[in-house]
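With the sequences and hints as input, model every part of the structure.
If you read the sequences in order, they're chains A and B.
Quick note: to get the numbering used here, add 25 to the position in the first sequence (first position is 1).
Quick note: to get the numbering used here, add 147 to the position in the second sequence (first position is 1).
A portion of the hints provided could be inaccurate.
From chain B, some residues computed to sit far from chain A (all C-beta separations above 10 Å) [said to hold, decoys possible]:
hint, residue
1, Tyr167
2, Leu170
3, Ile218
4, Met221
5, Ser237
6, Ile240
Here are the computed distance ranges between Cβ atoms for each label pair [to be verified]:
hint, chain 1, residue 1, chain 2, residue 2, range
7, A, Ala84, B, Arg280, 42 to 52 Å
8, B, Asp216, A, Arg60, 41 to 51 Å
9, A, Ile83, B, Asn275, 39 to 49 Å
10, A, Arg85, B, Arg185, 53 to 63 Å
The hints are simulated quantities; they were obtained by calculation from the structure and are not laboratory data.
On a predicted model such as this, the values are computed, not experimentally measured, just so you know.
For each residue, glycine too, the CB sits at the ideal point set by N, CA and C.
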Amino acid sequence: MTFSPSHFSAVVLFAACVSTVFGITMRETPPRMLRYGIYCFVLFVGSAILLSWVMYLIAR
Amino acid sequence: MAATEDKKATGRAAQNGFVYLPLIAGWLVPGAGHFLLRKWGRGALLAIAIVCMFGLGLAMQGRLYAKADDILDMLGLVGDLGSGLLYIVSRAIGLGSETVQLTTADYGTRFIVVAGLLNVIAAVDAHNLRTGRKA
Numbered sequence: 026m027t028f029s030p031s032h033f034s035a036v037v038l039f040a041a042c043v044s045t046v047f048g049i050t051m052r053e054t055p056p057r058m059l060r061y062g063i064y065c066f067v068l069f070v071g072s073a074i075l076l077s078w079v080m081y082l083i084a085r
Numbered sequence: 148m149a150a151t152e153d154k155k156a157t158g159r160a161a162q163n164g165f166v167y168l169p170l171i172a173g174w175l176v177p178g179a180g181h182f183l184l185r186k187w188g189r190g191a192l193l194a195i196a197i198v199c200m201f202g203l204g205l206a207m208q209g210r211l212y213a214k215a216d217d218i219l220d221m222l223g224l225v226g227d228l229g230s231g232l233l234y235i236v237s238r239a240i241g242l243g244s245e246t247v248q249l250t251t252a253d254y255g256t257r258f259i260v261v262a263g264l265l266n267v268i269a270a271v272d273a274h275n276l277r278t279g280r281k282a
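Printed below as a string of structure tokens:
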């Protein structure tokens, strides 16, 4: 079985898995774990989108 | 008052037995360290996240590092070994042994390495819970 996601799908999958582990391991209470997990996910995906636009504008 | 007593009892229970067992179990099987400490929800989420990441890496035709010829291979091997039995079993059945020249295959290799590193973080977290350093 092979799986070929787009670049963005790969970023989203990566961010989801890593944020889950970061959220659980870096905070002590479930509400704070959830908040930190969402924060990490948004930062991962947001920074990927931002850097993509920067590279797009540099390439033009 | 009852909550304080419960906490003390849990703390006393945490001092009994082999203190490194959750660390070793968590390294060998993702989430097992938390399961041993009866943190079912956390353990299940960690196991799902790490096993999914490892599986996605293999599905993207990522490569498992097998030898340490140079420093980058060595670092990759250390990251892969963090997955514990997932790495050992995958090597044993011959998964991730082909080198594929695809962008997603390179992503897959990184997914596998990061899954191993996340598993180490999760195992250390289980150890911290066991020693009482974390609640």
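| field | Violated hints - listed by number, lowest first | value | Violated: none.
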